[in-house]
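Novice: Residues per chain, in single letters:
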Amino acid sequence: MAHPDGNRADDKAVSIVIDGRQVNARAGETLLQAAERIGVTIPTLCHDERLAPTGACRMCLVESSDSRRMVPACRHPVVDGLVVQTETERVARHRRGLLSLYAADVDVVPGTELQAHIRRYGLDPGLPAANAPRAGRPDDDNRYVLFQPESCIVCARCTRYCDEIEAVSAITLAHRGSQTTIATVDDVSLLDSTCELCGGCIDTCPTGALVERKSAHRQATFPALKPVRTTCNYCGVGCQFDLQVDAAANEVVRVTSPAPGETTNDGNLCVKGRFAYGFIGHPERLTTPLIRDEAGELVATDWDTALDRAAALLQKTAARHGANSLGFISSSRCTNEENYLVQKLSRAAFGTNNCHQCAAT
Amino acid sequence: MGKQRKGSKSPKRAHRLHDTPRSKDADHLRLLPRFDELGGLRPGVSKTVSTDTGVPEATAYGVASFYHLLARPDVDVRVCTGLSCQMAGAADVEAALAGAGAAVEGCACLGQCDRAPAILRTDAGGGGHFTPLQAERPGTPGAPWGEVALPAVHLSPDSAELAINLSGAEDAGWSAHTHAQSIGPDATIAEISAAKLRGRGGAGFPAGIKWAAVRANRDRSPIVICNADEGEPGTFKDREVMAQRPHLLLEGMAIAARAIGAAEMVIYLRAEFAAPRKALLTAIAEARDAGHLDGLSVELALGHGAYICGEETALIEALEGHRGMPRHKPPFPTDSGYLGRPTLMNNVETFACVPAIVTRGADWFSGLGLGEATGTKLYPISGDVARPGVYELPLGTTMADLLAVAGGVMGGALKAFSPGGASSGLLPASMVNISLDFGPLQAAGSMLGSAGVVVLNDSRDIAQATLTRARFFRDESCGQCAPCRIGTQVIVRMLEQDHTDADTLERVCWEMEQGSICGLGQAAPIPIRHLVQHFPADFSGK
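Just so you know, the sequences run in chain order L and C. Under the working numbering, the letters of the first sequence match residues 1 to 361, in that order. Under the working numbering, the letters of the second sequence match residues 1001 to 1542, in that order.
Because the hints were derived from the structure by calculation, they are not lab data. Keep in mind the model is a prediction, meaning the values are calculated, not measured. Misleading hints may appear alongside valid ones.
[Stated by the list, open to error] Taking CB as the label site, the calculated pair distances span: (1) C:G1361 with L:A27: 51 to 59 Å; (2) C:D1052 with L:A129: 41 to 49 Å; (3) L:D246 with C:A1103: 47 to 55 Å.
[What the hints assert, rightly or not] Derived, one-sided and incomplete: chain L residues facing chain C with beta-carbon distance under 10 Å: (4) C162; (5) K226; (6) T305; (7) R347.
[What the hints assert, rightly or not] Far from chain C, some chain L residues (derived; all Cβ distances over 12 Å): (8) D19; (9) R176; (10) E251.
Beta carbons are placed, not taken as given, at the ideal position from N, Cα and C, and that holds for glycine.
Chain C with its partners taken away, still in its complex shape (with noise of 0.2 Å):
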């Protein structure tokens, strides 16, 4: 209740910053599991959460209405909408599956753009469990297709000179951890921070200064979150690294943990992903057998289809059981994260280049990159190109490199290609190049993202493909501020229509840039400008 206040125009009224109140926090976090427990979102399972959790029922009900996949469980069949699967016809195969009368629905990317065009079928118990992906035809020519077909990784430099090398043997016995113990927290850190290692999950933050800045707060809990909710369009790297070693990613973790004084690890993963979880999970058993795990306790959490919660804020917040809206910065995670706590968020990638770093030395890891790049870099690559996969190499490889190491464009030459997922926009031919690295990126005006490459040959309308993305940025804003909510809805309209003025489109882009909250909004212009200014043909084609 409001208390009195004699003639005050302006109430003696200051909130908090930072201290949202809402429904108890413990509360919360057994919500998202409860709706799948129960199969997602039908009528009158929120009541049902609501008196198992103590979150009232609307507000239950508006989180599990936030994630696709519990909130239309109705749905037997999902086909993927990303670029690659939709050029490699996925608008066919939902038109035929819903001929056969399934419930079909388009989704984003399902991260299996190698084998295009990728579907998702719901189980038939429901209860949110999800059969393994299945490519239902072959794709694009030459694509891999299927459970697991052409090895996944093509290995163009020495393996030994590989940071991750995703078909090496895993080390049972974790001779990194071992190390990073025997040196300490402080040389551990050193010797990431030395090594230069930058986050592999689109940001690109050294890693180093992170990890520190956690360790400084280590007398208040800090926690170790892996981001694998691997979602951006083009991208599948992080889901082969689990699949293929998840010892790696698990020891990374650990190191990680030990070294800013954290007792609790949290694997934030894409519920699409089964292959990935199995194998997790084996690992998870496999490293508490044999000790390594002493003293950290490893929690697998599952996503709930949501794009945008592959962002850290909105992890987080999903991991606490709320609508997946991300956060203002600052404070960051690292001071003040998952439930309050200091949180050290990192890619599947970035905690898998650790246990090398801690064992070969920061000299080596930054000797492997091309110019001011350290490291090798995982590259997904995809689309109108030969052989599809995920390629291991030096970070600063350029396009054209890489492009010749997946076996060149398929079906004509080189129209378009995408360094790094979907609002890396698209760069053309005569850019093939450039460095796929985050400084020459950025300097041209894209970025290197996730690093999730897909090729477009000659055949290719850019004003289509630009259409697909943005398609996919109005699907997945999470809808909590305007500049993104209405300016992906207003830019889809606008390359809908015959004549679309691009001053009035850089105008949308400009406050879309300036006024979002998060990066969703801030770089989904990006493509809307590449075809502006690089495409001029294509956009005014239309």
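Looking at chain L on its own, in the form it has when it is part of the complex (with noise of 0.2 Å):
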């Protein structure tokens, strides 16, 4: 495996063995990167490939023979030799106690990487609430991102993400111990924020504790609704996205983008892609195309008709004004294809030079 950055120097070659298996390595990597590979599933909750490993959430410790504790998968490096054991006795205890404490001091969400753990390793010992006095923002009156410090396990992926991936720094972590919470500057809104209300913050917690305002109170079934890949168009880039549908209404609930690797976009989106999803299913939608009638008033009517009356009037307007009197704009979102369409008409068809398309910038 290569580094990005080329080869270093330190990129050499070792071999390690994880529960039982030998599993050949770069100096640089990660025990979790090595599990990965050789399929050895490692639990984890604060961990996000795009971002750096911080080993603050606990759910990673295995055992390795270079430390007498357990040490965190996502950020343990290799050492040639090196024997790891992620299924031990020890290791089962701890993720049961961990989970325990997790549960205890959050409301777990249905559908989330908390609740799969979970489900998979158990609780144990059962505990009372901790009632952790975690602020949230209610006075964040802000259309789009919902933050619910009563699911929050402050393992500050939305918080790095902000920071490492987009560059943007809106929410921190802030305060500390039981009080440590995700915060803005002195508690203000995002939209009186840095903010670029991007959401990549909702599509990285792994317990829910971000949520779309619009359909949070449609968390509980989320787990339910069936994705829908496809691309966005409201720009050139091309990312792509799950719209998540509930298939009984035939409706969108909400937007996700695919796992960080799997398209262009890595598993980001703009404010765009992720919420304004709405025109979809809205009854304002154009469906149909529409022309003016003689009193001015737009009358719904077939295609062939409203390409006729636009081929009319555009050849009309060229043949007393020039073809330089038009000009043909297209929207960014076209297609490539649409795209090139609309110049050829500009130019070929008509003979003028003059189109834009609006990504052009």
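Hints in hand, dock the two standalone chains.
Specialist: In structure tokens:
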């Protein structure tokens, strides 16, 4: 496995043993990366492969021959000859104990990474609710991102995503101890912060503490939604995302991004892709061409009639004032092929270079 | 931006370990001092600090909110919630102050246990400046109180047989420093190693090994940092070293700096310590004038109210202008510490032992200890004791002997004692003959730690004392890792309940000890286990 930054001197091959199996790795890799390669699952919560590892959630602790204490696989470096065990009784006890603490501290949301770990590894001991004094932002009435502190495990994936991927730094870990929370400066609304509303924080959150405000009341039904992969047509980048559809109601409930590494956008989206899907089922959405009647009112018509009208008026204008009296502007929501055809129409059919596309700048 | 990876489910992404990207180091260095100058974290201040430093506004806010002295600038008076102060009626003081209309809040141990109950007043001018600590009224009978009262030092051995000797005369000529320079770095380090000097901050790591490790990295601009963030509950020894023997500390640091090849020294001092700060500034100026510091820079950096910053990597994070969250080790600071540079960090008392070792030799020093331990040790003692204060005694002195030197138990018979700070727990009177030394205390499920001894008489409820300390850990946890952040919170709730099941408590303790990143979470269960193990009547009597 090559490093993205080329052949560094410490890229030397090492060999380690994970759960009795030999694994070839390179210096600079982590135990987690080596384990993933041979299909050994180590549970994580604060890990997002796009972010520098912090080892803070403690979910990925495993036993390693170079340490008396269990080590976080997400940031523990491979060393030649290391013997790693991921399924010992000590590790299992730790996972149950840690998840018990999380379950005492937060409301577990269905369909999240946290709930999946609890189902797989179990809880022990049962604990009273911790009732941590973790503050939310009750006065933040932005319409996009809702922070539910009662479900937050303070893994800081959202704040690190905001810093390291988006370079926006709108949110931060604030306060300390059991009061630690995710905050904006002086607890202002996200709209008054540097936030660009990309919603990446929602996507990386492993506990559902961050959720789109509009669909938050349906959070319990998220696991039952059907994903439909499609390409965003708000601009020319070509991000892919999944429309999460309530099949029974034939309704798009939310938009999620594919896992990092799967598509061009690497798990990222912008405010339009993430939140501007309301038009899909909007009653005022245009579903048929409209032309103006003699009274100047828009009336529905068929494509042939509409195209005939457009062609006639374009030709009439060109005949009277010359081709350069026309201008053709296409939308960034068109595909490359459609944009090509528009300039072809402009240059070849009408003979003018007055053509532009709004994403050209 | 991510790059296209055709059909790849596992992107070729490999983070270089230990180089977490964040705002530029140089920008952060000015962050906390700037908040200080602007009077702490008030609305709008983060924006100014961001403009001035280049650190993103939210990041600046997040850092400042971590530190209590910055995060709550409108508090007039802070009342110590440490065990000795609570036993001396700090809660009554807090209620009285609040009743008089002051903005009051509790705070972690102020390191004034010998003057309990202690309070900290914020200057009217704000700006993170604090008046000297004051005790408002006499506390435990016989305890000194007020700004300076009884001498804090009571000597039992001959003062010539003390490594530090708090009431000794300062050596303005820095003869040990001169001698160390004449014998050279290797011989100096060899002497420290042969003396078997162990760190006096809590962990007891051999100083010689640490010095040699940093010296091995001397081509990468090593730095010397003195951990003067004394905050372990029940501990006030470094305070006295700095107030009374500041030259001894500086001389020890300078010897270390020259031995490891460092040109920079930093003292990270609790901001609450006004008198030590003044003494240090004077001594630094004198040492500079005398030429002792030629080729060496010394900076006095102030803390901002966070116990966890006494942990060495959290201290480094704070110095670098980040939230004081401990780092993972390795790498150890000796290899990569402050700004990635090799860093020698020792406690105040550790550095203060150095001049005597250099002057009088390793054999002399190691002959001072009892048993395997070497040297003398500053034992701060407070609580239900006749003469609270700092006693320098041979390392390994028994609890019984220390008690005798300090005038014995007040207000009843001995019930329990805490041998070395909050994380050392509470041991029963039956163990009074234990040596206050690294090995024996560790074997007993406790620790020497900072050697801050607190005495409890038989009128005290150990469950209540344990709850006091559990709350301390809850409030001072950095919040980074779940076992500590949630575990300390859950334990307080369980102790507050009427019926607490020992088995469940133990399971939480196990997870905290096994799963926490740093020593705070790993050691916080010790007092809980002591309560269950040594004081079953108090535990079940709740």
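Novice: Need the list of violated hint numbers for this structure, in ascending order.
Specialist: 1, 5, 6, 7 and 9
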